[in-house]
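Undergrad: If you want the building blocks of each chain, they are given just below.
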Amino acid sequence: MPQDLRAMARRVTPGMSLALPVDYAGVSMAMTRPLIEHGAGGLHLVCVPTGGLQVDMLIGAGLVATVETSALSLGEAGGAPRFNDAVRQGGIRILDATCPAIHAGLMAAQKGVPFLPIRGLIGSDVLANRPDWRVIDNPFAAGDPVALIPAIRPDVAIFHAPMADREGNVWIGRRRELAAMAYAATETLVTVERIVDRSLLADEMTAAGTLPALYVGAVAEAPRGAWPYGLWGEYASDTDELMRYAAAARTATGFAEYMAGFMGQEMPA
Amino acid sequence: MPQDLRAMARRVTPGMSLALPVDYAGVSMAMTRPLIEHGAGGLHLVCVPTGGLQVDMLIGAGLVATVETSALSLGEAGGAPRFNDAVRQGGIRILDATCPAIHAGLMAAQKGVPFLPIRGLIGSDVLANRPDWRVIDNPFAAGDPVALIPAIRPDVAIFHAPMADREGNVWIGRRRELAAMAYAATETLVTVERIVDRSLLADEMTAAGTLPALYVGAVAEAPRGAWPYGLWGEYASDTDELMRYAAAARTATGFAEYMAGFMGQEMPA
Amino acid sequence: MSAALPREILICTIARLLDGVRHVAVGASSPMPAAGAMLRRALDDGQRPVRLSVLGSVEHNFFTNGSAELFDSAGQGRLDAFFLGGGQIDGQANVNLVGVGDYPQVKVRWPGSFGSAYLYFTVPRVILFREEHSPRVLVDKVDFISAPGTSAPGVYRAGGPVALLTGKALFRFDKARPGFTLESVHPSHDLDEIRAATGFAFDHAETPAATPAPDAATLSLLRGRVLDELAETYPAFAAEWRSDLAALTREGSPA
Amino acid sequence: MSAALPREILICTIARLLDGVRHVAVGASSPMPAAGAMLRRALDDGQRPVRLSVLGSVEHNFFTNGSAELFDSAGQGRLDAFFLGGGQIDGQANVNLVGVGDYPQVKVRWPGSFGSAYLYFTVPRVILFREEHSPRVLVDKVDFISAPGTSAPGVYRAGGPVALLTGKALFRFDKARPGFTLESVHPSHDLDEIRAATGFAFDHAETPAATPAPDAATLSLLRGRVLDELAETYPAFAAEWRSDLAALTREGSPA
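Protein chains in written order, with UniProt numbering: chain L, 1 to 269; chain X, 1 to 269; chain A, 1 to 255; chain G, 1 to 255.
No lab work stands behind these hints, which were simulated from the structure alone.
Everything numeric in this text was worked out from a predicted model, so none of it was measured.
The beta-carbon is built from N, C-alpha and C at its ideal position, and this holds for glycine as well.
Among the clues, some could well be false.
[As the list claims (entries may be wrong)] What follows is a set of in silico ranges between Cβ atoms, one per label pair, in the way DEER data are often shown:
#, chain 1, residue 1, chain 2, residue 2, range
1, L, 199, A, 48, 44 to 54 Å
2, X, 14, G, 152, 51 to 61 Å
3, X, 62, G, 19, 41 to 51 Å
4, L, 131, X, 143, 17 to 27 Å
5, X, 11, G, 152, 52 to 62 Å
6, L, 260, G, 19, 51 to 61 Å
7, A, 207, X, 256, 54 to 64 Å
8, X, 93, L, 135, 31 to 41 Å
9, X, 256, A, 153, 50 to 60 Å
So here's chain L without its partners, still in its complex pose (with noise of 0.2 Å):
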């Protein structure tokens, strides 16, 4: 099993653009170490549409050269320190979104359109400090600017789910952001709790909750793969371990640290 989240991780090459899901919807921590082994920088990171531990780890490991992202915390446990010293530092891009915004890119890519338009963000350094986005006027009623977000088509998206299927369907149930996002990437790749028998389309309840093959990848089971994240259904967050890391990131010191037990501890090579 360590063997398989070794070999997804390989599939992400330097350069790359991953999407990478909000805390509570199934953040594969699990995947947060073979991707730092493996080393794969310069990385452009979406998060969809805002990020945490496992972005701030990537941004501390040195692999981002990129975040996209809404927003960056660590929730209950405050800021992200390795990502705000970075931007102190001046050591990552950062690209400011609002949530909708992300949504809206991942949609265009969904349905293979350039752009998707939104409403709102007019007057906002936030748009201000887009120069990849636009604004027109709208086309059916003059007078009325209207922002228009490029679709954004991650070339890998990698999230945490409760189970698959053998066939490599997997059971995302409301969580419909993993979904968009693995129809905007490229690739998807996927851990989960557990690995079914049975197929999760022969019946139309565990189908509805459900993102086809079609879309995915590569599976891995990965027991708790979303710690210390939780996982709707499964188990709660850890708060307490969120509080430990964001103690100990303070620093790059105490990130070296936390990241040689937290690497250690995960998975036995």
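Using the hints provided, position chains X, A and G relative to the given structure of chain L.
TA: Relative to chain L, chains X, A and G alone:
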């Protein structure tokens, strides 16, 4: 229960736009008779994305001013006779579309934006006959024409689903076009095979396929309410009945005779 | 094994046209394209997975995001092949699914354009399939363009027509010219007949090739596994096919 | 019943600001807005259903279409009220959730704009809520506009700020002027203190009103049903509140 259906039909007023689902997604045939009895006319029907028996009956009953659709037929039972006749007579306005354009218009309403772009269409007579659509040059890449579909915001969406709970949450399974209709419409009226006592949002498995009550204006029980269409996971289409209708409705007289039976047998006053 | 039935030659031709696809979609009432896709999948077994989506089917539907997902997946480049029919198809591969006469008050109204005005642009390998090969179907110019065969330079066009298969012949489409070239003539038909039955001009060799009949292994796969699988979704079509096969065996048998 | 705690006055003020809403959303770590919304729902019980969405919560989440659905529902006009905080809020109701200093290499970085740049435009009743009332929060001009308080004519603006509630006072926002007007001062605070603590100019009456304390019935509802309900989602906040109530009872009791 028949009273419920009649009360729901009264929410439809003359000139309203109605979104109705494709044959296999859950057509509320049970609402057809109350709608005809109620008699609100001049309707603008939006077929999501194609239509069949229900639309043909409403046209035959003289309630329809406009049909916006990607196709209209009785499937294996052939063309939609009252629709075809109305087109020949010029008795209705037809807004020919293509399936993903209907989806794009509804998605624009879902997202609260004035339009969505769509690939394809350019050079087709579908586009040429839709002056309400636009073509712009892609603002992100010059010399790339792209079609824009304005938001479709139906006044009312009507469909049939397997179950609802007492709070008005409706289980639609993987027929997510039903959710798309409800998001886009001002109000949604739903008939279901059965109303269950437990909350459909109480566990993640049923929640994954549930349209929340936020979007639902009214629910009524109507067992076998899609008949003669089928309902996925519940019962199959009654092709013989569709054939019987197709044969009868070839003439206005045959249609009237068929409908006398249909209107009489379904729902005792 | 007896000689191939006409419909078996069509199905094998479809399977050949689908060589290399990963994901193919067929319409709800399209048993022959479905059979061709199922044969393709059987032939590729163990080498390459071939996904088949039958629109409106519950069994052959792995989509879970409503009826928009097929179009979305095409827009993402995840749908390799699709079939289009057409009340009229012209020499520029324009397709008419709307009607005959002046739009909108057409004399004959067909159901409508469905997804053609989108899928024809986004699916790399669109196969035009219409069994009826007659001047009323294969016209010089369609009355209504549901979906155009070719596009002006600059227009986004990731997909388009590659072939036209009828009950009489197989044509390849050349989008540069643009126009159809007769690729092969099915057994028991000939060039003169095809010329008379085709309302548009097309290129052809002086002596066109014959559409190849399937080899014994393919035919066996088709009449076994594929026919069984097809019967689940298209029982009436499968039963008719089985009855034709039974008749063929009786005729061919010495008794 | 003992006198209202400062946080109880804030919660009751929030409930008053939410009068008439059908659907209100609050952020994941916003116990006071959530309590205000729960109180509103309790007060309206039997008259009008009040839906409450707590972002990131499993219990108070009736959405089933992922994290985009909140924004979609706002775009559809189905979300009546929302709360925004802000590291900085200025006199034009511009909100800064990004950081202090020159963007992008800010001296102090906050998490980011979240959905503010959208929800501020689409939700009719946005309540600015920040307990800290100090010149570093309430500034003359924000360093970064995550979301602007007002928009030029012609810009689509179905929503926007209606009020600013802090630990010291309640302001109303007038978008025509634009600017804030001091509506009321919370008990144990006064105008001079508020003037000193506010980095922007604001209108006010010569003698501003006092923020009303809840009546006994409301306070009872708040400390009973609402506190119990809140404890399910915000156990730490509810426990602290309960402990403050216990202290209040000890102080006030004759023993």
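Undergrad: So does residue 260 of chain L sit 51 to 61 Å from residue 19 of chain G, Cβ to Cβ?
TA: Given a distance of about 55 Å, which is inside 51 to 61 Å, the answer is holds.
Undergrad: Are residue 256 of chain X and residue 153 of chain A spaced within 50 to 60 Å by their CB atoms?
TA: Holds, at about 54 Å.
Undergrad: Note whether the CB distance of residue 207 of chain A and residue 256 of chain X lies within 54 to 64 Å or breaks it.
TA: holds, 59 Å
Undergrad: Could you tell me whether the CB distance from residue 62 of chain X to residue 19 of chain G stays inside 41 to 51 Å?
TA: The hint (41 to 51 Å, Cβ to Cβ) holds, given that residue 62 of chain X and residue 19 of chain G are roughly 46 Å apart.
Undergrad: Could one say that the CB atoms of residue 131 of chain L and residue 143 of chain X fall in the range 17 to 27 Å?
TA: holds, 21 Å
Undergrad: Could you check the hint for me, namely that residue 93 of chain X and residue 135 of chain L are 31 to 41 Å apart, CB to CB?
TA: Taking Cβ atoms as reference, residue 93 of chain X and residue 135 of chain L lie about 35 Å apart, which means the hint holds.
Undergrad: Given the range 51 to 61 Å, decide if the beta-carbon distance of residue 14 of chain X to residue 152 of chain G lies inside it.
TA: violated, 39 Å
Undergrad: Does the beta carbon distance between residue 199 of chain L and residue 48 of chain A stay inside 44 to 54 Å, or does it fall outside?
TA: At roughly 20 Å between Cβ atoms, residue 48 of chain A and residue 199 of chain L fall outside 44 to 54 Å, so the hint is violated.
Undergrad: Does 52 to 62 Å hold as the CB distance between residue 11 of chain X and residue 152 of chain G, or does it fail?
TA: For residue 152 of chain G against residue 11 of chain X, whose Cβ atoms are near 39 Å apart, the range 52 to 62 Å is violated.
Going down the numbered hints, you'll see the structure goes against 1, 2, 5, while the others check out.
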